[in-house]
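If you read the protein sequences in the order shown, they are chains A and B.
The first sequence maps to residues 1 to 201 in the numbering used here.
The second sequence maps to residues 1 to 201 in the numbering used here.
Mixed in with the good hints there might be a few duds.
Identical chains blur together in the list; that is why a pair holds if it fits in one copy or across any two.
[Said to hold, decoys possible] Calculated cross-link-like contacts (lysine to any residue; reagent style SDA-like; alpha-carbon spacing at most 20 Å):
1. K46 <-> T87
2. K70 <-> E121
3. K171 <-> L197
4. K46 <-> Q78
Calculated from the structure, these hints are not laboratory results.
Protein chains: 2
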Amino acid sequence: MPGRRVNLKAMAKRIASLQPWEILGETTLFSNNIVTLVGVLAKSKKTGLQKQFTVSEYPDWVHVAALTDKGEIVLVRQFRHGVGEFTLELPGGAVDPGESADQAAPRELAEETKYASAQWEPLGALHANPAINTNRVHMFFAKDVVLTDGLPADQGEELEVMLVPLTAAVKMCREGAILHPFTHAAVFALLAAHPELLPKP
Amino acid sequence: MPGRRVNLKAMAKRIASLQPWEILGETTLFSNNIVTLVGVLAKSKKTGLQKQFTVSEYPDWVHVAALTDKGEIVLVRQFRHGVGEFTLELPGGAVDPGESADQAAPRELAEETKYASAQWEPLGALHANPAINTNRVHMFFAKDVVLTDGLPADQGEELEVMLVPLTAAVKMCREGAILHPFTHAAVFALLAAHPELLPKP
Chain A
1 MPGRRVNLKA MAKRIASLQP WEILGETTLF SNNIVTLVGV LAKSKKTGLQ
51 KQFTVSEYPD WVHVAALTDK GEIVLVRQFR HGVGEFTLEL PGGAVDPGES
101 ADQAAPRELA EETKYASAQW EPLGALHANP AINTNRVHMF FAKDVVLTDG
151 LPADQGEELE VMLVPLTAAV KMCREGAILH PFTHAAVFAL LAAHPELLPK
201 P
Chain B
1 MPGRRVNLKA MAKRIASLQP WEILGETTLF SNNIVTLVGV LAKSKKTGLQ
51 KQFTVSEYPD WVHVAALTDK GEIVLVRQFR HGVGEFTLEL PGGAVDPGES
101 ADQAAPRELA EETKYASAQW EPLGALHANP AINTNRVHMF FAKDVVLTDG
151 LPADQGEELE VMLVPLTAAV KMCREGAILH PFTHAAVFAL LAAHPELLPK
201 P
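Take these sequences, add in the hints, and give me the full structure.
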């Protein structure tokens with residue numbers, strides 16, 4: 001129904017005209033140590049249409065917006081095989097089995113960059129891609145990070161750590177030097193929660 | 001090398017210490033009408049390590065931040081089978097074969113919402129997920145959209161259109177009512193390109 005205006009407070013409670021699809025069955029289409037593809041056979045309660053949806057099961061992911069006391073954000077540069085090129089991203093990775101997102105965030109930050117923080121703040125969680133992925137991406141702000149000694153770098157990842165002023169990172173998002181969607185989302189969330197981090201224009 | 005500071009202008013030109021992995025071969029692991037999973041066997045030039053990466057091939061996607069002349073943004077609510085629940089997102093979808101992203105954006109907007117615009121502006125493109133997906137997400141700003149008649153709604157999608165003031169949409173991103181990562185990224189890009197769209201605090 002195009003054009004309907006919504007009372008935001010009422011929206012969460014109202015009974016929607018749409019109904020969830022009825023799930024008739026699930027089939028594992030493919031599985032390895034990285035991803036499990038599931039065929040979800042579902043039926044529309046509205047039209048009766050039956051359709052198979054292809055869903056990718058991944059563990060949850062975390063990404064960390066880590067700032068030094070000089071207001072620099074920590075980025076990692078690494079070769080990413082999905083796109084076959086180097087990318088700049090916030091440090092992050094998969095939540096391990098039995099681990100919480102709160103635990104995975106400092107672990108990934110340390111493994112990838114050797115930075116640590118005593119001040120952590122959650123920046124919310126997003127769907128990784130709700131149409132096709134089952135998992136969520138948890139975003140964190142790590143304040144006043146400091147380099148730690150003795151932690152081995154994650155050699156398998158072959159990454160390079162870069163410090164960039166937060167204002168420059170925002171510019172890099174805008175101008176295409178950073179193309180990683182969860183980095184964009186986390187920087188957006190960080191600025192929404194902490195507008196004081198950017199100088200007034 | 002943690003802690004290295006970067007001259008942004010020099011960064012694009014400098015010779016990185018990291019080298020791309022050598023691709024030894026690719027195998028199709030699974031393929032249907034939605035996704036092709038490819039096993040990419042690659043060798044690190046740094047360590048000699050050989051490893052298989054699992055990559056998902058998808059077509060490019062588009063998402064449209066469409067604003068009415070009253071400053072309301074057009075959202076769609078639909079059941080998403082990846083997460084098994086209803087989500088709020090910007091209108092969007094896959095670029096069809098032979099189609100450009102510029103062509104897909106107004107088509108998807110019209111199919112999903114019946115809105116159209118005479119004023120389109122690209123907001124950049126992101127990797128969908130560079131570690132595992134091959135594709136990109138193209139974001140657009142459609143200004144002063146108007147409802148059109150005669151276009152059939154995309155029945156298979158079973159979606160509901162909602163108009164929300166842009167300031168409310170930003171709040172919904174921040175408070176978790178909108179969990180779609182590319183919607184967050186597109187709203188962030190829209191505000192970066194057009195800060196005048198939000199009232200001064």
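Okay, the hints, checked on the actual structure:
| no. | hint | verdict |
| --- | --- | --- |
| 1 | K46 <-> T87 | between (43 Å within a copy, 18 Å between copies) |
| 2 | K70 <-> E121 | within (18 Å within a copy, 36 Å between copies) |
| 3 | K171 <-> L197 | both (14 Å within a copy, 19 Å between copies) |
| 4 | K46 <-> Q78 | between (46 Å within a copy, 13 Å between copies) |
The structure agrees with every numbered hint stated previously.
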